[in-house]
Structures are given as structure tokens and as C-alpha cells.
Amino acid sequence: GAVVSQHPSWVICKSGTSVKIECRSLDFQATTMFWYRQFPKQSLMLMATSNEGSKATYEQGVEKDKFLINHASLTLSTLTVTSAHPEDSSFYICSASMDSGANVLTFGAGSRLTVL
Amino acid sequence: QQQVKQSPQSLIVQKGGISIINCAYENTAFDYFPWYQQFPGKGPALLIAIRPDVSEKKEGRFTISFNKSAKQFSLHIMDSQPGDSATYFCAARDYNTDKLIFGTGTRLQVFP
Chain Y
1 GAVVSQHPSW
11 VICKSGTSVK
21 IECRSLDFQA
31 TTMFWYRQFP
41 KQSLMLMATS
51 NEGSKATYEQ
61 GVEKDKFLIN
71 HASLTLSTLT
81 VTSAHPEDSS
91 FYICSASMDS
101 GANVLTFGAG
111 SRLTVL
Chain C
1 QQQVKQSPQS
11 LIVQKGGISI
21 INCAYENTAF
31 DYFPWYQQFP
41 GKGPALLIAI
51 RPDVSEKKEG
61 RFTISFNKSA
71 KQFSLHIMDS
81 QPGDSATYFC
91 AARDYNTDKL
101 IFGTGTRLQV
111 FP
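Line by line, the protein sequences are chains Y and C.
Quick note on this note's numbering: the first sequence kicks off at 1 and runs consecutively.
Quick note on this note's numbering: the second sequence kicks off at 1 and runs consecutively.
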């Protein structure tokens with residue numbers, strides 16, 4: 001079946017630094033990838049939608065300069081948290097779809113970011 | 001309009017019992033309704049999904065019941081097992097925006 005790999009699975013960084021999280025579709029080409037954020041014991045909140053070769057579409061309230069998304073190929077999307085602060089600490093999860101939308105999504109295992 | 005309301009927030013079931021989780025929505029543009037299972041520290045995994053032209057779908061111990069007129073759908077887990085203990089999310093896809101909207105989640109605990 002479809003597999004989405006996310007790396008790193010956890011990262012600790014100092015306040016003010018930038019952190020990059022990678023999301024790869026291992027056995028299929030992902031036209032669309034979605035990035036979600038999840039706080040403890042809460043639901044998944046969509047942050048942005050990225051389509052290969054075009055700019056990401058951000059949800060209302062998500063700072064695009066803070067959360068840089070690049071979808072340079074059909075198998076890789078990256079999320080960079082720039083100038084991270086403790087309030088950015090969260091569980092970030094990517095998902096990928098083989099078609100152009102959210103029809104059948106495969107999720108990565110998530111990346112836990114802790115900003116000190 | 002975009003919300004998917006999920007209940008209960010938590011559920012405790014004895015082994016062998018039936019676990020029932022309910023979801024409701026308002027947006028008529030929703031056209032695909034998946035359920036996801038999430039273990040602590042892991043990403044969600046697709047469990048089962050249904051489209052609105054079907055009233056019920058069963059896969060093993062998992063069944064989705066869908067009531068289009070009431071805009072409600074539910075997940076039934078038959079013969080619940082301790083290994084089913086996880087958080088379950090219902091979701092709905094908006095065909096206008098192509099986005100998946102998640103419910104608030106239900107933490108299921110199955111005791112032996």
C-alpha cells in the first residue's frame with residue numbers, strides 16, 4: 001500500500017532557529033500533500049495544501065513566512081518552521097494523495113517539534 | 001458550516017463489547033467520509049471510509065452507518081479488543097475545496 005515517510009520523527013531546537021521537516025511518498029507520486037498540526041489530545045488542523053511545482057495554499061491564520069512549504073517533486077514536500085518559538089512546539093503531520101485532492105490520504109507518522 | 005461534530009469525547013468499553021462513535025455535519029458539499037485511527041505519537045491511519053450513496057459499509061469488525069438525510073454517520077467496532085484502544089477521528093471531504101475536515105476525536109479505551 002501507499003507509504004508516506006516523515007523525517008525527523010522528533011526534533012528539539014533552540015528558540016530562534018529554523019527546523020525542516022521532510023515528507024516523502026515512498027511508493028507513489030503525490031500530486032498533492034497536506035500539512036497538519038496537532039496539539040496534545042486535540043484534532044488535526046490543516047495548515048496548508050501543497051501541489052507539486054506551485055506555491056502552497058495556506059489556511060486562514062497560518063503564517064506563510066513562518067511555515068515555509070516546498071513541494072519540489074512528486075515525492076517530496078518540506079515544511080520549514082522559521083525562527084521557531086516555544087509556541088510552535090507541536091506535532092506536525094503530513095499526508096499525501098495520489099490524486100489532485102484529499103480523496104484518499106495516507107498520513108506520515110508525524111514529527112514532534114519541541115522548541116526550548 | 002465546515003465543522004464535523006464528533007461524540008463522545010472519550011469512551012470506555014469492555015472487551016468483546018461494541019464501541020460506537022458518532023459524527024454529524026452540516027455542509028452538503030461533503031462527499032467522502034473516512035474514519036482514522038491514531039495511536040499515541042503516530043500519524044492517523046485510514047480505517048474505513050464511505051461515500052454518501054451507500055448507507056452502510058462493513059470491513060471486518062468495523063462498520064460505518066451513514067444517514068444522508070440526517071447528515072450523520074457513525075463507526076461501530078464489534079467485539080472490541082484492547083488493541084483497539086486508540087483515538088478515532090471521523091472526517092469529511094469538501095468537494096469544493098478538496099480539503100479533509102476532521103472531527104474532534106474520540107479516545108477509546110477497551111478494558112480486558
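Please note that the accuracy of each hint is not assured.
Quick list of the computed label-pair ranges, beta carbon to beta carbon [said to hold, decoys possible]: (1) Arg51/C x Ala72/Y: 41 to 49 Å; (2) Glu59/C x Ser83/Y: 44 to 52 Å; (3) Gln29/Y x Pro112/C: 23 to 31 Å; (4) Ser69/C x Ile12/Y: 28 to 36 Å; (5) Asn96/C x Ala72/Y: 45 to 53 Å; (6) Thr114/Y x Pro112/C: 29 to 37 Å; (7) Lys71/C x Lys64/Y: 31 to 39 Å.
On the chain Y side, residues computed to face chain C include the following (Cβ under 7 Å) [said to hold, decoys possible]: (8) Pro40; (9) Leu74; (10) His85; (11) Pro86; (12) Ile93; (13) Phe107; (14) Gly110.
These aren't lab readings, by the way, just hints derived from the structure by calculation.
Don't be surprised by glycine CBs; every beta carbon is placed ideally from N, CA and C.
Now for the hints, and whether the structure bears them out:
no. : hint                            : result
1   : Arg51/C x Ala72/Y: 41 to 49 Å   : 33 Å, violated
2   : Glu59/C x Ser83/Y: 44 to 52 Å   : 45 Å, holds
3   : Gln29/Y x Pro112/C: 23 to 31 Å  : 44 Å, violated
4   : Ser69/C x Ile12/Y: 28 to 36 Å   : 50 Å, violated
5   : Asn96/C x Ala72/Y: 45 to 53 Å   : 28 Å, violated
6   : Thr114/Y x Pro112/C: 29 to 37 Å : 34 Å, holds
7   : Lys71/C x Lys64/Y: 31 to 39 Å   : 33 Å, holds
8   : Pro40                           : 10 Å, violated
9   : Leu74                           : 17 Å, violated
10  : His85                           : 23 Å, violated
11  : Pro86                           : 20 Å, violated
12  : Ile93                           : 5 Å, holds
13  : Phe107                          : 4 Å, holds
14  : Gly110                          : 5 Å, holds
Consistency note: the structure conflicts with the earlier hints numbered 1, 3, 4, 5, 8, 9, 10 and 11.
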